[in-house]
Amino acid sequence: MSIGPHIPTQAFTRHDVIDAFAREIRGAQAAGVLVVIFLRGGADGLTLVPAIGDDGYFKARPTLAVESAHAIDLNGYFGLNRALQPLEKFYKAGELAIVHGAGSEDHSRSHFEAQDCMEHGGHDSVAAGSGWLGRYMRVRGEAGSAALSAVAIGTTRPESLRGAPSGAVMQSIRDFSFGEDDPAIIEQLAKMYAAETGPLGAAGRETLDAVKRLREVRSQNAPPSNGANYPDTQFGRGLREIARLIRADVGLLTTTIDLGGWDTHFVQQQLIGGLMSELSLGIDAFITDLGPALRRRITLVTMTEFGRRLRENTSFGTDHGAGGVMLTLSPDSPGAYGGGTIRSGWKDLSPSNLDEVGDVPATINYRDVLAPVLRAHAPGVDLSRVFPGHAFDRA
Amino acid sequence: MPTRRTFLQTLTAAGMAGAVAGCEQTWDGVAGLIDTDADGADFRPPTSQEIDLVSHAINRLTWGGRPGDYRRVSTMGVDAFIDEQLHPESIGDRRCEFIANQVESMLQATPELYDIPPRQLLADMTRYRLLRAIHSRRQLQEIMVEFWSDHFNIVSSKGDCKWLKLADEREVIRPHALGSFRAMVRASALSPAMLIYLDGHDNKVEHEGERPNENYARELLELHTLGVHGGYTQKDVMEVARCLSGWSINRSAFNFRNVPSRFIGSRHDDGEKVVLGQRIAAGGGERDLERVLDIVCGHESTAKFIATKLCRRFITDPAPPQAVETVAETFRDSAGDIRRTLHALFTSNEFREPEGVDGGRRGLFKRPFHFVVSAIRSTGAKSDAGPAIIEALERMGHAPHQYPTPDGYPLEEQPWLGTLLWRWNFALGLQNGALNGTTLNVAALERTLGGANQVAAHLLGRMPTESESEILNQSRSALALLLSSPAFQRY
Numbered sequence: 000m001s002i003g004p005h006i007p008t009q010a011f012t013r014h015d016v017i018d019a020f021a022r023e024i025r026g027a028q029a030a031g032v033l034v035v036i037f038l039r040g041g042a043d044g045l046t047l048v049p050a051i052g053d054d055g056y057f058k059a060r061p062t063l064a065v066e067s068a069h070a071i072d073l074n075g076y077f078g079l080n081r082a083l084q085p086l087e088k089f090y091k092a093g094e095l096a097i098v099h100g101a102g103s104e105d106h107s108r109s110h111f112e113a114q115d116c117m118e119h120g121g122h123d124s125v126a127a128g129s130g131w132l133g134r135y136m137r138v139r140g141e142a143g144s145a146a147l148s149a150v151a152i153g154t155t156r157p158e159s160l161r162g163a164p165s166g167a168v169m170q171s172i173r174d175f176s177f178g179e180d181d182p183a184i185i186e187q188l189a190k191m192y193a194a195e196t197g198p199l200g201a202a203g204r205e206t207l208d209a210v211k212r213l214r215e216v217r218s219q220n221a222p223p224s225n226g227a228n229y230p231d232t233q234f235g236r237g238l239r240e241i242a243r244l245i246r247a248d249v250g251l252l253t254t255t256i257d258l259g260g261w262d263t264h265f266v267q268q269q270l271i272g273g274l275m276s277e278l279s280l281g282i283d284a285f286i287t288d289l290g291p292a293l294r295r296r297i298t299l300v301t302m303t304e305f306g307r308r309l310r311e312n313t314s315f316g317t318d319h320g321a322g323g324v325m326l327t328l329s330p331d332s333p334g335a336y337g338g339g340t341i342r343s344g345w346k347d348l349s350p351s352n353l354d355e356v357g358d359v360p361a362t363i364n365y366r367d368v369l370a371p372v373l374r375a376h377a378p379g380v381d382l383s384r385v386f387p388g389h390a391f392d393r394a
Numbered sequence: 000m001p002t003r004r005t006f007l008q009t010l011t012a013a014g015m016a017g018a019v020a021g022c023e024q025t026w027d028g029v030a031g032l033i034d035t036d037a038d039g040a041d042f043r044p045p046t047s048q049e050i051d052l053v054s055h056a057i058n059r060l061t062w063g064g065r066p067g068d069y070r071r072v073s074t075m076g077v078d079a080f081i082d083e084q085l086h087p088e089s090i091g092d093r094r095c096e097f098i099a100n101q102v103e104s105m106l107q108a109t110p111e112l113y114d115i116p117p118r119q120l121l122a123d124m125t126r127y128r129l130l131r132a133i134h135s136r137r138q139l140q141e142i143m144v145e146f147w148s149d150h151f152n153i154v155s156s157k158g159d160c161k162w163l164k165l166a167d168e169r170e171v172i173r174p175h176a177l178g179s180f181r182a183m184v185r186a187s188a189l190s191p192a193m194l195i196y197l198d199g200h201d202n203k204v205e206h207e208g209e210r211p212n213e214n215y216a217r218e219l220l221e222l223h224t225l226g227v228h229g230g231y232t233q234k235d236v237m238e239v240a241r242c243l244s245g246w247s248i249n250r251s252a253f254n255f256r257n258v259p260s261r262f263i264g265s266r267h268d269d270g271e272k273v274v275l276g277q278r279i280a281a282g283g284g285e286r287d288l289e290r291v292l293d294i295v296c297g298h299e300s301t302a303k304f305i306a307t308k309l310c311r312r313f314i315t316d317p318a319p320p321q322a323v324e325t326v327a328e329t330f331r332d333s334a335g336d337i338r339r340t341l342h343a344l345f346t347s348n349e350f351r352e353p354e355g356v357d358g359g360r361r362g363l364f365k366r367p368f369h370f371v372v373s374a375i376r377s378t379g380a381k382s383d384a385g386p387a388i389i390e391a392l393e394r395m396g397h398a399p400h401q402y403p404t405p406d407g408y409p410l411e412e413q414p415w416l417g418t419l420l421w422r423w424n425f426a427l428g429l430q431n432g433a434l435n436g437t438t439l440n441v442a443a444l445e446r447t448l449g450g451a452n453q454v455a456a457h458l459l460g461r462m463p464t465e466s467e468s469e470i471l472n473q474s475r476s477a478l479a480l481l482l483s484s485p486a487f488q489r490y
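Protein chains in written order, with numbering that gives the first Met the number 0: chain A, 0 to 394; chain B, 0 to 490.
Just to be clear, a hint being listed does not mean it is correct.
Said to hold, decoys possible - Estimated spans, in silico, between C-beta atoms of each pair: (1) B:Glu88 with A:Ala189: 39 to 49 angstroms; (2) A:Glu112 with B:Glu209: 48 to 58 angstroms; (3) A:Asp248 with B:Arg339: 48 to 58 angstroms; (4) A:Asp248 with B:Asn440: 48 to 58 angstroms; (5) A:Gly334 with B:Glu209: 32 to 42 angstroms; (6) A:Gln219 with B:Asp198: 30 to 40 angstroms; (7) A:Gly379 with B:Thr232: 24 to 34 angstroms; (8) A:Ala390 with B:Arg339: 43 to 53 angstroms; (9) A:Val356 with B:Asp114: 32 to 42 angstroms; (10) B:Asn452 with A:Asp248: 46 to 56 angstroms; (11) B:Asn472 with A:Asn220: 26 to 36 angstroms; (12) A:Asp392 with B:Arg339: 51 to 61 angstroms; (13) A:Glu112 with B:Met75: 46 to 56 angstroms.
Claimed, not checked - Beyond 10 angstroms from chain B on every Cβ pair, some chain A residues (computed): (14) Tyr56; (15) His110; (16) Gly272; (17) Leu293; (18) Asn352.
No lab work stands behind these hints, which were simulated from the structure alone. Keep in mind the model is a prediction, meaning the values are calculated, not measured. Don't be surprised by glycine CBs; every beta carbon is placed ideally from N, CA and C.
The task is simple: from the sequences and hints, build the whole structure.
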């Protein structure tokens, strides 16, 4: 690895070299930005990706089953809900992988418990750190502790990011403004941190770099690139901010954003259609906005705390279930992570394949879906520290 | 003749607190009068180019020196100051009590807490912790409260810990923070919040359908006493779990909201055990707990583990081996007397002349809570320690009572280096009055200390360097710049 391009031609100090190394590390790893979308409330996998080739599906859901006409046939058995049509092209191109029957070992069917289990990486409070993303960032070492290396879009820090060396929470890039009333303070701080040796000095100089780049991004306030059209919702605006952060090259390595409202106990169809559109249009706009050069740097994963009961309830809704759907999208890397295919943890919906409550079981552990993504983003990462106690399925 | 102070104390005791509660301006005024330190105090900051021993002691034993602290400690002497702080019971702290007790829920009995929504109670607990750190004259006591809260960490969001965490702070952490280590471990082992957090309440003798739960036993050895490399085995963990089986919480129908701990003999494994090579005879019943505590608290590894952690907080990180040796020896010889252990630490050569930046005396990195409190204290800002401050702490990932795993917030600096931007924004917000509920009078601060240069010397604990002065002189936001400077991030 050469640091040549970063070394000033004039005399340089030790700090310059350290900073050059820091930039090099960031530059090398900027190849990967992990975008995690958490569908809070327990998204119904059997509506997102219905089993249109299974009689058991239509029997269990006399009013809520997605008719074949409302689904895009993927492999004769599974279909993609038409409300997710913007994602179809990614699947066709081998960039979108679908996992059915994914979930965690938590059987409480409680949102709180199941989300905590998934975000902490287990219920075992002996687990090494805290949230799985937090630990992932920590075991990445220095690169994971830059000011803007881990960003949660929203108002509160999600459990998954707990324990990150640096976990920023923001609704918009505006939250990062610094020194707007007194721009000189940035240069003055730069002088102070230039004289500081050790990790604190390096962290200060890195942070000031990020502030300057963000200032440029904010001042441009350009519309999304390539004609991207985000949904005008909190989720859509959040994705747009992520695209701006990636474009600004602030050292972002992982980001997480929520799309809530999937807890469809009651009149499911009225609730879920809009959410699916918001999800798919948002993702499509995000990929469009990033454009061909930047989109290849991201991997996008959706997860949810659990799927929903196969049998619909008497309120035209579904209750808390077990296995759900995870999506992995890796633009311009066809075939990566099983792109273009559906992997399912169950053969069909006959009773013997369901768990004791009558749910699609969570036979594919969410950690095993994430593991190859993390390995690709951080080669050599010690996954036993990210997910302690988990026996990884290398299949 | 009664002094003004005793007069005001009488007034307050007579119910004035109740009369003025809720009227911030009034109680703030009254509280100001109670603070007798203000009378004739000498506010001159340090004049040395290096951090002298006085500034060093203030940095390490307080959450940040207030205006006037430097002269007060200079006058009384560093040794007397250390002695004073090691005996919090000798320090009058009426003003702090007055202010902190405005958070009324903190005075309620545990059963009553269940009427408070968890979110509100967490905000109250956080605010209470902040107010005490800002206002208490028993600064070392408040530092040790934080230290032990990390050591015996309990996240307030798990089950009944939402309400019982406060009881843990009141009955386990605070009373023992400078007391007996064994007594604190014992109180923690029986603390209902801990019994819930680490599943001890579910630890039962093995028989059909029931198994011991070794979660607490493991953390007792790994985090609370011997340390992860302290020389225990998985077998020891299981044996300790057997010894502690049967300790649970009492949720009787009549006082289901009062949750004391209790020993249930039928759940206890009363067979013989061997813990760390020591035999515990069968039939010990609840006395097994005392035997386990004697063995683990008196273990060589525990002395070393606690000494190391204290040295990392107060001297340098990693801890200097010689100091660990000295401090561990005192811990051992005093049977875990925390006060005497800290006295040994503060009188060690390594404490007085530590290695590190700024002449060796600013080698430690302030965690966000420390940064926020020291910024408020040292600038003399008035703060309600309300939502704006709590939000800043949450944003920096360091709000009290919210660390999810039993190891507590990390001590090392690396995990906190990403919080600089939030610190700088906090500093600017503090100077510009953008933090709701917190106000700062920069002109008054300059007047009190004698000028802008003196403000710098006060905040840095030494005269600013030439280049620092040059930068500060050009700045419109000199105070924020000082609070944002590398030097202020250290202590």
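Inset, instruction - Determine which of the earlier numbered hints do not hold for this structure and return their numbers in increasing order. - result: 2, 4, 5, 6 and 10
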